[in-house]
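Novice: So you can see what is in the structure, the chains are spelled out below.
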Amino acid sequence: AQKITQTQPGMFVQEKEAVTLDCTYDTSDPSYGLFWYKQPSSGEMIFLIYQGSYDQQNATEGRYSLNFQKARKSANLVISASQLGDSAMYFCAMSRPPFQGAQKLVFGQGTRLTINP
Amino acid sequence: GAVVSQHPSRVICKSGTSVKIECRSLDFQATTMFWYRQFPKKSLMLMATSNEGSKATYEQGVEKDKFLINHASLTLSTLTVTSAHPEDSSFYICSAPAGSYNEQFFGPGTRLTVL
Numbered sequence: 003a004q005k006i007t008q009t010q011p012g013m014f015v016q017e018k019e020a021v022t023l024d025c026t027y028d029t030s031d032p033s034y035g036l037f038w039y040k041q042p043s044s045g046e047m048i049f050l051i052y053q054g055s056y057d058q059q060n061a062t063e064g065r066y067s068l069n070f071q072k073a074r075k076s077a078n079l080v081i082s083a084s085q086l087g088d089s090a091m092y093f094c095a096m097s098r099p100p101f102q103g104a105q106k107l108v109f110g111q112g113t114r115l116t117i118n119p
Numbered sequence: 011g012a013v014v015s016q017h018p019s020r021v022i023c024k025s026g027t028s029v030k031i032e033c034r035s036l037d038f039q040a041t042t043m044f045w046y047r048q049f050p051k052k053s054l055m056l057m058a059t060s061n062e063g064s065k066a067t068y069e070q071g072v073e074k075d076k077f078l079i080n081h082a083s084l085t086l087s088t089l090t091v092t093s094a095h096p097e098d099s100s101f102y103i104c105s106a107p108a109g110s111y112n113e114q115f116f117g118p119g120t121r122l123t124v125l
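If you're matching them up, the sequences are chains A and B in order.
Note that the first sequence covers residues 3 to 119 in our numbering.
Note that the second sequence covers residues 11 to 125 in our numbering.
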């Protein structure tokens, strides 16, 4: 079984600062995919970034980067130069390798990020 | 990115009635869609995997007779909450895989309130 743990229920950060959201995972699968999603107060889930367990380099997407440490089973999301619009709930999730077809996601508990002006 | 729509966005119904929620992939085909449920301030919990042309696969503890899923075409999956009760009140959200990483694209969700 797969499990995602997000230990930070809430984070408060000043605007323009960088922020790291923690995510650890557990799985017996040899290959897997790791995702981060953002959920604003409107409820929609917005895909941010993906990391494959087989990827040698850490994923980056604009201001988002994923600090993937496979031996420690962690996949922390780093947001650089935070903006007020980054205030939202952030979920870490994992699945079996997505290249094998549609895979269900297992989500962590989420971290509520608040950016202060 | 790929677009997934859901209808209705919000529904209030009386206890005992059935409610149908539609999930559509607007600009891509989806042989598989997923249905999640989210309680306030909680995470998303997978309810079932919807498969086009075949029966849905339900997660452990989800009543298949209570939550009927039909995936009639490559762009439409429906979730029907039968004989709804107040404890069924929740945020229901669907997703479909697309994109470079086969990542899930989510619909905007449906907030169900059962009185």
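If you are wondering where the hints come from, they were derived from the structure by calculation, not from laboratory data.
Be a bit skeptical, because a hint or two may be false.
[Stated by the list, open to error] Cross-link-like lysine-lysine pairs, in silico, DSS-like; alpha carbons within 30 Å at most:
#1 Lys65(B) x Lys52(B)
#2 Lys74(B) x Lys51(B)
#3 Lys24(B) x Lys5(A)
#4 Lys18(A) x Lys106(A)
#5 Lys106(A) x Lys52(B)
#6 Lys106(A) x Lys75(A)
#7 Lys106(A) x Lys51(B)
#8 Lys75(A) x Lys52(B)
#9 Lys74(B) x Lys52(B)
#10 Lys5(A) x Lys51(B)
Novice: Hint by hint, say whether it matches the structure.
Specialist: Hints, verified against the model:
Taken as a hint, the Lys65(B) and Lys52(B) pair is honoured in the structure, with Cα atoms around 28 Å apart against an allowance of 30 Å. About 25 Å separates the Cα atoms of Lys74(B) and Lys51(B), which keeps this hinted pair within 30 Å; it holds. With a C-alpha separation of about 36 Å, the suggested pair Lys24(B) and Lys5(A) falls outside the 30 Å cut-off, and the hint is violated. Taken as a hint, the Lys18(A) and Lys106(A) pair is broken in the structure, with Cα atoms around 34 Å apart against an allowance of 30 Å.
A distance of roughly 18 Å separates the Cα atoms of Lys106(A) and Lys52(B); the hinted pair therefore holds under the 30 Å criterion. Between Lys106(A) and Lys75(A) the alpha-carbon distance is near 20 Å, which keeps this suggested pair within the 30 Å criterion. About 21 Å separates the Cα atoms of Lys106(A) and Lys51(B), which keeps this hinted pair within 30 Å; it holds. With a CA separation close to 23 Å, the supplied pair Lys75(A) and Lys52(B) stays within the 30 Å bound.
Between Lys74(B) and Lys52(B) the CA atoms are separated by roughly 23 Å; this keeps the pair inside 30 Å, and the hint holds. In summary, the hint linking Lys5(A) to Lys51(B) is supported, as the alpha carbons are separated by about 19 Å, within the 30 Å threshold.
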